[in-house]
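*Asks:* Sequences are here, hints too, so could you generate the full structure?
According to the working numbering, the sequence shown is numbered sequentially starting from 2.
Just so you know, these hints were derived from the structure itself, not from any lab.
A virtual CB, placed ideally from N, CA and C, is assigned to each residue, including glycine.
Careful, some of the hints might be misleading.
To be verified - Across the chosen pairs, the derived CB separations fall in these ranges:
(1) T249 <-> R229: 40 to 48 Å
(2) L52 <-> T259: 31 to 39 Å
(3) P57 <-> R366: 33 to 41 Å
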Amino acid sequence: MTPAAKLLCELIALPSVNPAFLPAGDPRTGEQRVMDFLTATAGRAGLGIELQPVFPGRSNVLARLTPAGRVQRRIVLAPHMDTVGGREELDGLLRPKVKHGRVTGRGACDTKGSVAAMLTAVLNVAKARQRPARTEIVFAALVDEENGQTGSRALAASGFKANLAIVGEPTRLKVVTAHKGNLWLQLETRGKSAHGSKPELGRNAVHEMAQIVDLLQTTYASRLKRRRHPLLGHATVNVGTIAGGTQTNVVPAHCEITVDRRTLPGETEAGVRRELNALLKQRGLKARVGSTKGVPCLPLETDFQMPLVQELLRVAGQKRPVGVDFFCDASPLAQGGIPGIVFGPGDIAQAHTADEWIALDSLERGTALLTRYLQSLP
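*Replies:* Shown next as structure tokens:
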């Protein structure tokens, strides 16, 4: 088994489910075990270690490979340590399996595969006779990406600076310079309750919301298809949940939906809320529009002409970058002043699935490409 594959199996066997996804006190939650393992592994290789506390017992791990000369630039490799949870199959997913050219287990591609590939690449450079002369390489394993991206937000807010962050996510080893923003909205309608046998005496909030749902999923969705980005395609909207009413024989006075709105560069939450309010007003509908996220999840768009990005494109054999629909740590880092791109082994189609896996050839090729890239830096 190669070093990267061995490292990945060891990581999968260390539970690191985000505490947001399991009951309080579940022993499988938190990144502490992975933090300790990465700290020991990187420390043995001579990397400088720093722990950046984010929550109690949950810290970003920064492992630095210093250059031979004076630091003139800094590259950050930034995968995340936390995973989503699971149902009854979770314990089985915490036992890595290697079969038919795949490693199966929770986090295999999202993103312990990137952790393994990125750390192995840094260790390869550390062991080589020659390391970059003026570029500091920082391996930054982050907490809480799967919930609030608090780890990347804390790193950016700390004043940490870098010339480029390569965020580890399963991109099929494609260099990604743009991703959509993630805006979660809550819409509420208010009616008037009445006895179910006298519906004319009330005002049905569920009925009004049904009209709003239809409007969002048809007219509004069609309008968004005309709003396009060269790498990301069109913006999208999805009504994810609905709840209203108290019992069958009561006219409902309240109904609520939550909406997932994927935004393009240039779109803002304030702008989206204005256009929704205007659309509702045009149709004679009323709803309170609010947000369910306490932090901004803005789109990412990084200049692919940057020399450091161009070099990764060259090493990866890719002429132009691509975009992805999913949101990740690259945006918070970019909003904090660190230009971000996304790159890693595996396929996002396998992330969060009941039998999450990554192909060994993708893991090994990703490790080799990252090693080559890091060794090419001045």
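*Asks:* Would you mind marking each hint as holding or not holding in the structure?
*Replies:* Hint-by-hint comparison with the structure:
no., hint, result
1, T249 <-> R229: 40 to 48 Å, "44 Å, holds"
2, L52 <-> T259: 31 to 39 Å, "36 Å, holds"
3, P57 <-> R366: 33 to 41 Å, "38 Å, holds"
Violation of the numbered hints given earlier is absent; every hint is satisfied by the structure.
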